[in-house]
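Start from the sequences and build out the full structure, keeping to the hints where you can.
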Amino acid sequence: MGKNLKGKTLDRGITQRKDGRYSARFISMNGKRREKHFKDYQDAGQWLAKSRYEGYGII
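All letters in the sequence shown, in the order written, are residues 6 to 64 by this note's numbering.
Hints were generated in silico from the structure; no laboratory data involved. A hint or two may mislead.
As the list claims (entries may be wrong) - Listed next, the in silico DSSO-like pairs over lysine-lysine satisfying Cα-Cα at most 27 Å (straight line): (1) Lys11 / Lys37; (2) Lys13 / Lys41; (3) Lys44 / Lys23; (4) Lys41 / Lys55.
Being a predicted model, the structure only gives us computed values, none of them experimental.
This is how it looks when you write it as structure tokens:
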């Protein structure tokens with residue numbers, strides 16, 4: 006569970022960096038960590054859900 010800059014808990018796999026951007030990451034099926042940065046929290050959540058749904062993620 007990540008947290009934003011104000012201390013509020015975010016969804017699993019999403020954190021907020023000190024520069025205000027959001028970072029979403031998960032472990033792919035081949036064991037590699039996949040990470041991407043976004044300006045909006047909603048974009049990070051959508052990318053994470055889409056990647057997990059397509060079978061790229063196990064967590």
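A quick look at each hint next to the structure:
Distance restraint check for Lys11 and Lys37: the Cα-Cα separation of roughly 30 Å exceeds the 27 Å cut-off, and the hinted pair is therefore not satisfied. At roughly 21 Å between alpha-carbon atoms, Lys13 and Lys41 fall within 27 Å of each other, so this suggested pair holds. The suggested pairing of Lys44 with Lys23 holds, with an alpha-carbon distance near 12 Å, which does not exceed 27 Å. Proposed proximity of Lys41 and Lys55 is supported: the alpha carbons are some 13 Å apart, at most 27 Å.
Consistency note: the structure conflicts with earlier hint 1 alone.
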